[in-house]
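Chains as they are written, first to last, in this note's numbering: chain A, 1 to 518; chain B, 1 to 280; chain C, 1 to 683; chain D, 1 to 316.
These are calculated hints, taken from the structure and not from any lab test.
Every residue, glycine too, gets a C-beta built ideally from N, C-alpha and C.
Errors might be hidden in some of the hints.
What the hints assert, rightly or not - Residues on chain B that point at chain D, a partial pick, calculated with CB under 10 Å:
no.: 1; residue: P15
no.: 2; residue: M121
no.: 3; residue: P124
no.: 4; residue: A134
no.: 5; residue: S139
no.: 6; residue: I141
no.: 7; residue: T212
no.: 8; residue: L219
no.: 9; residue: A235
no.: 10; residue: L257
no.: 11; residue: A259
no.: 12; residue: T261
no.: 13; residue: L264
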Amino acid sequence: MTKFNVSRRHLLLTGAASGALALGFSPKIAHAQMAGGTLRVGLNITPVVLNPMLTRLNSEYMLAEMLYSGLTTLGLDMSAQPDLATEWSANDDATEWRFILRENATFSNGEPVTSADVVASFKKLLDPETAAPGSRNLGPIAEVTADGDFAVIFRTESPYADLPVSLCYPTAKVIPAAIAEGDFESLAQTPLGSGPFRMVEFSADQRAVVEKNPDYFLDGQPLLDRVEIITFPDAAGAGAAMLAGEIDMLLEVQPTDFARIADASGITGLRTPSGRFLDVVMDCTVEPFNDPRVRAALAMSVDREAMVELVAEGYGTPGNDSPLNEAYRFYSGAPYKSYDPEGAKALLAEAGYPDGLSLELVASAKPDYRSAMAVVLREMARPAGFDISVKTMDHSSYLDQVWKKGSFYVGFYNMQPTEGAIFNLLFTSGASWNETRWNNPEFDALIETADRTIDDSKRAELYADAQAMMRDEVPALIPCFFDLLGAQADYVEGYKQHPRGSNYGLHMVSLGEGAPAR
Amino acid sequence: MRKLFAILGALMRNPQGALGLVLFLLLLALVVLGPVLAPADPESFNYGARFAAPSLEFPLGTDWYGRDLLSRVMSGARSTVLLALLATGIGTVAGALIGVLSGYLGGGADEVVMRLNDAVMAIPGLLFALMIIAVLGSSSINAVIAIGIAQTPGMARVARSVTLQVRALDYVSAARARGEPTSWIVLAEILPNTIAPIIVEATIRVAFAVMTLATLSFLGLGAQPPSPEWGLMIAEARSHLFRSPWPIIVPGAAIALVAVTFNLLGDGLRDVLNPRSGGH
Amino acid sequence: MSDTPPVLTIENYALSYAGPDGPIRILDDINLTIRRGEILGLVGESGSAKSSLANAIMRDPTGKVVHESGRILLSGTDLTALGEKALQKVRGERISMVFQNAATALDPTQTLGDHLIETLAQHRGGSGLRAKTLELLGHVGLPDPETMLSRYPHEVSGGEKQRVLLALALACEPELIVFDEPTSALDATTGARLLDLVRGLQHETGISGLFISHDLGTVAEIADRIAVIYGGRIVEIAEPGPLFARPRHPYTRALLSSLPRPSDSLTGRRLAISHAAPAPRLGMPPPCIYSASCPHHLPELCDAAQVRLQVRDGRQLACVRADAVEQSRSEATEWPAVTVPVDQPLIEVSGMDVVYGRTSLLDRIARRPIRRTRALVDTSLTLRPGETLAIVGESGCGKSTLARALTGLAPYSGTLSLDGTTVDEMDRAYRSDVQIIFQNPDSSLNPRHTIATILLRPLKLFRPELSRRERREEVTKILERVRLPAEYASRFPHQLSGGEKQRIAIARSFAANPKVIICDEITSGLDASVQAAIVRLLRDIQAETGVALIFITHDLGVLRHVAHRVAVMYLGEIVETRDMASLDHPPYHPYTEALMSSSPSIDPDSETTRIRLTGELPTRSEALPGCPFESRCPRRLGEICKTPPPLHDFGNGHRILCHIDARTLAEMPPVWRFSKTIMEPLS
Amino acid sequence: MSVTFLIRRLFYLVLTAIVVSMIVFGVTQVLPANAAQMILGEYATEEALAVLNARLGLDEPAVVQYWHWLSGALTGDFGTSLRTSQPVAPVIMEAFGRSALLAGFSLGLVVLISIPLGAVAALRRGRATDLAVSFVSYLGVSLPEFVLATLLLVWLAGPSVGLFPASGYISFLVDPLDALHHIALPVITLTIILTAHISRMVRSEMVDTLGSDFVRAARLRGLSRRRVIVNHALRNSLLPAITVIALDVGYLIGGVIVVEEVFSFPGLGRQLILAIQNRDLPMLQAGALVMAMTYAVANLLADLAYAALDKRIQFE
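The task is simple: from the sequences and hints, build the whole structure.
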């Protein structure tokens, strides 16, 4: 298993990245003469929402990232990196943050990006009327004000050490104040941002074409003249197109297809361990999951290594029923729970189910390893006395009827930039998506303290306790993390997979030798 | 009973019918005995034998979990075939009732029913089934209902046209002239005589139902994993397409074989039951 | 004529098709010749393989040939030796065929002209095809050939289609024309005109032909010689006169004795019931093909050697006992019992109208004129107890509509009364008293029901007082009454012959002891011998039960043997009603006169006046103000015919609807002129 | 054929459209989840949902929503997609155009292949050619599109053969050759399956026609074999085949849905599946309507063609 050992710059309390090039993002300047050309990128999840504040899919994040800028962007090490903001600082208790904007950024209509635009954008973003997805992930922002033309001040309701990182959230893009206050709807058709590229053509479900923004605020970037984004409705089609050389880059490859594509000549497979995981959500307030022994028995019924092999085709890491793995900084390692169906059976009997337990596990049809996991779990848990029947449903019905409502289903979550983000998203009592209703005050306290804590070693301790608590109590079964898998043609240079899975950095990508002329 | 044997005998003399009948009997045996005869548990994994090619141990190879494809196909025959029969049964009974009644009543009622029927027929069957399943949720039985409903208008049309032919025959006139009650005329005079063409139509529709069921499962709307339903097997196999073709070829061939069986049987029955093409 | 060279010679021809139980002998030991300018009639009942012979001559077998032998020579060319390519040159060019069903023998997607041009181009080529086509169309008596050229088959009448087929057959002036039942599908008046045409053409151009028909009367009209075929063998060949006057083969005799003749009422001749069963087809043929059905079969004589067609007493005959046969008499049916007319009518219909067609909602919205067919117009008639009223007319004249109206199958306006009470609705009592038998026994018996079920239904409906056992017994009795064995009760209709099925239909109608039975063309689809048996059965039952019959038919021949009175219908109206007894004497309605004269007969004792109708039967969509027959009437007076005609009453229930005054009508010549010999004893 | 016939058929067409739209609307009303939920996905909160529902007009009573849609549709405005916020009509028309191209190409090829195939099989009834054609067509009608499509994808677009691109669509206006290359696989799939259907139909019609009186009559008039077959038998067999082909348009549409899904062809079928999955009512309505109308119009045209070619048919 690849260890994820990138040295990561820790919380930037008074951090300022002076250089334009953040850690890990270092395009090969040696090939600067090769700049230009058209990159074709394949997607198998179609981007449909163009309005950057309303995006909610990785493919849409990618488009938004190309067309718009935010205040900060997420580095490969999960740290905040400069985007429109070049430096930032906070007061001592981390309740007030000042961001200094670069002065050379302009929108594609030629207007400069100023603090007024930033303030208007965040106002719009936080307005419940906007219904922007993920606005609750931005942190407890109380107020955003301008401080001159090129600085903004954020005040938070409570101390919040992770603010620069949470502002990397993909929907937190800056749009012109006139648009934010006026014809906001127009962004659904006509993008207006300050990103490295500009929109040329967009047809939902088919393709999008962007071209280089000549006025982009970073010198020499983007390196490409043009990016064509081609949507495939399924992974097989996208894989075939990659193999046929119709696309230069595939951002997502299915685990089942990865070896074949990566082994093909002229193609380089891309693989990065990530905190993306599948979990089996159990509603801890209803029978039989209100009995921790049942949850523990289920946890004992999973062969985690085999699960990684069968569901992720080996491209993943086993999980230990906490949402953190080595991709996170405060991951606390512990030996993986071993597969012990006999023990599980005994525990189940102890919990009052000597004859086993019949359960219905719901899995959305998208992505398809949700149902694969369900099937594998069914088979693995059978000797322990679990009789799990699998019910798949289309994603819309799943969202409507099961998600956050059901008592036993397969969830699938992307990596979050911080530990706090993932815990607060899913497992605290006040979590936005508190599916398990585990509601453990002790756990809540640990997370809340960690949020406020500035000292790293203390935070590490707090998070280690939280992880241990989850391992023991198993509010959700988290047996398997997925690596990010992608593929690119050998001549594509400068692309780095981002473990979070929602940042791409295509403006730093170039075409090297052997690239076909387009 | 004697009539049944006569039909079977005639079928055996018809090349398509004979082949169809033989295949059908084999299929029937598989439906009844398939799960019993299957050499292995269709659901148990063989970690060590994923993507195995056909061998002595796994006559048709294994899939991505190392499950024995022969056992899966054999176990799946029951649900696939029975569900297809059930779906066709629903469509046939509902369609025949609507068609026969509409055809017998004639006039305004017929006009209204048939116009509605035509309008519903204009919605492609697959789309219709997709919508019905979207409402009911995906499961085998809902797929069966959806296919049944989607088949109803077509069946109603066939039943109606047969009814119109039968209705014009003198024995119906004779019954009406005798003052027979409508129930007798519809149930005893008309219905038995529309049965033959309806059965032929239904037989061929079973083939369609098998394929549509598989298609729905393929689109993720039918059977639930890990059931060895053939369409579902193919759908699941698609993501492992390039690692081994067997998980897709085996159930694909099974579907084709069943569809061929019912097509052959239907064509054979058509020839046998239709006096026009019954030969000299 | 016998010295002219033969056009067609068939020598020792035999043919077998493959069947499920081994080879089926279709034709056997066929020897015949057709001389130049001669038309040979070929007559046989259904299943006699007469059409198979035509197909064999055309070299177009309809089955899988397993054995064929002998030669078929067309002016010396052996057709059996020709390959497909060579045959293509012969067909249409040297030998051609006129088919039975003109409606299906013409390509529906091609104009009539193209049919002819195509044929001419194939065999003649060159130019001037159009002119030749026009000439041909004129030749076969089609008015306005120009417009005919561009018409499609469905746009012209059946008679016109049949003429086009004739033109196609004549196109290349072939040496031989095979006529395969060319008039069977046509109405009597149309068929008669076509026969006239063929006869005329033959006189003009001397065509040679083989004329196939199941109807001896038709063949008698046209053939120079007649061959009688039975079971795939020719049993007798003779010229019409001698054949009818003195049939010698027992089968020919049986056939002729079951055929009605116009003179029957004068001579008191009765219809015989032939017992000819279908000939054996499997295995070795018996020495005499008719032996199994022949009442004169003497094994030691008949089975001694193969009985072949030989000249015996100047007659080609395949019978070794012909002399003995001639002495015998055949079993015959009874004459209608003389009924005493009861004044109290059983059924009385007055002013009955039936209109077909419905108006759709859209038509009503669009206020479009309503297009409906008046199938029955102001019809009045009476039926007395125990009598048989025949209703005659061509297809489309409304006679079946009348039957349907009387049985509640067609809604009508007007009044109908039964036994003096007006019928307001068709209730159970009325339905039990008035029963109907349909023309086609194949379609009038539900194939899915056993005979018992079929016969039990009326018992259950109309005689509910019967217990289950009594009903069962009744079924046996009913079967007995129609001369069928009791075990038939458990059979299905398809296991019965056509005649037997019709008996079941009759049995069903009698089951409820009705007062009236409406017989809608019940003998039309049957061979003459079966028809005779059915007629006799009906008569027997009438004699037993006193039931009154409405006997609908287009066949005038059989009328004399069943009916007491006759009503003639044309375009939905009854134009004449009269007693059968007066049928041979004027006055007639002009339509009745034409209809009767179109009926082919084989009566050596009578001669028929030739009256032919021109034009086509119009459809009655609007109310015709005047006489319905106006457009085709050979005795049309003038404009007055466009006004409603008066009803002449000649007494004795003889009524005629016509503008011609009663006296002129009464002075019309009789349709039939009978030979003196039979007239005298009866006068 | 009369004007009233045409008017009546057009009236039925409108009726069909209304019934279809009502069914589709009714179905979407009982579907679990709605477009707003789908748009917000896992980010849906009560407030956000309420806002979005109001913005999309999904909070109004069903009847009002339907009336809005209907009145819009009657004036040619089919609304905007709930999913992509783009106007529906151009998207659907474009998708329809592409599907029509796919279907048209396939149908054209099918007609070219299946008619001779069916005719030859009928002429050689019971012989080796017939058996071969029958075998292939049995297989064709018995193979679900997705199986065939997937197998073709593996084989022809796989790395070893690599004859055709696996998916995608290039406009014919951009690069006709490349477009042809891209459309090849879906067209081949549809063609194989439809050819099986239609050649079977042509064969059985042809067998019937060959046994008909007028073909026999033509033969017995000494017409050449070619003329009998082409001018009489084939011509009359194709007429009923036309109506069958029109009915197959419905089948073709279903096949197109699946094939588009497998080959990621951006046609109407994919648009519809997306619309169902995302509860995108305006898109679903318009798409289903276009499909239903295609079917209905195809049948109407077939009837008209039948009437024009077969003079026997008289429409009132």
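Next on the checklist: Flag every earlier hint the structure violates by its number, smallest first.
Outcome noted: 5 and 6
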